[in-house]
Amino acid sequence: MLSLYRGNDIRRAHELLGVKIGNQYRYPKFQIDPMRQQIRPIVAYANRQLECDADPWGTLDWWYRADEGLEDRRPIDMVESGELTEDLVDLAIQLGQQGMV
Numbered sequence: 018m019l020s021l022y023r024g025n026d027i028r029r030a031h032e033l034l035g036v037k038i039g040n041q042y043r044y045p046k047f048q049i050d051p052m053r054q055q056i057r058p059i060v061a062y063a064n065r066q067l068e069c070d071a072d073p074w075g076t077l078d079w080w081y082r083a084d085e086g087l088e089d090r091r092p093i094d095m096v097e098s099g100e101l102t103e104d105l106v107d108l109a110i111q112l113g114q115q116g117m118v
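Numbering (the working numbering), first residue to last: 18 to 118.
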């Protein structure tokens, strides 16, 4: 499993989403491949694109919200099914940014 110091370094590199609650960071479990005990590469990619350490709550919302760029599916569900790709991440983020003012 990830050590605390390694988790902090990876979080600061925007690869691991950590949400600060009180004085501790919590790391959503979906990010870790349970068989390999490593961050899923597609999750690290999406978190980097979203700069998750700069906006952890916005990133958490992105993972759990249905996205029109993903045919109204949630990114987290597509990670679990193995369907989320870098191209789909890029598309969803691009469409989301176009809708912002």
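Mixed in with the good hints there might be a few duds.
[Said to hold, decoys possible] Listed next, the in silico EDC-like pairs over lysine to aspartate or glutamate satisfying Cα-Cα at most 16 Å (straight line):
(1) Lys37 / Asp70
(2) Lys46 / Glu32
(3) Lys46 / Glu97
(4) Lys37 / Asp94
(5) Lys37 / Asp72
(6) Lys46 / Glu88
(7) Lys46 / Asp94
Everything labelled a hint here was simulated from the structure, so no lab data went into it.
Okay, the hints, checked on the actual structure:
no., hint, in the structure
1, Lys37 / Asp70, "holds (10 Å)"
2, Lys46 / Glu32, "holds (14 Å)"
3, Lys46 / Glu97, "holds (11 Å)"
4, Lys37 / Asp94, "violated (23 Å)"
5, Lys37 / Asp72, "holds (11 Å)"
6, Lys46 / Glu88, "violated (24 Å)"
7, Lys46 / Asp94, "holds (13 Å)"
Going through the hint list in order, the structure does not satisfy hints 4 and 6.
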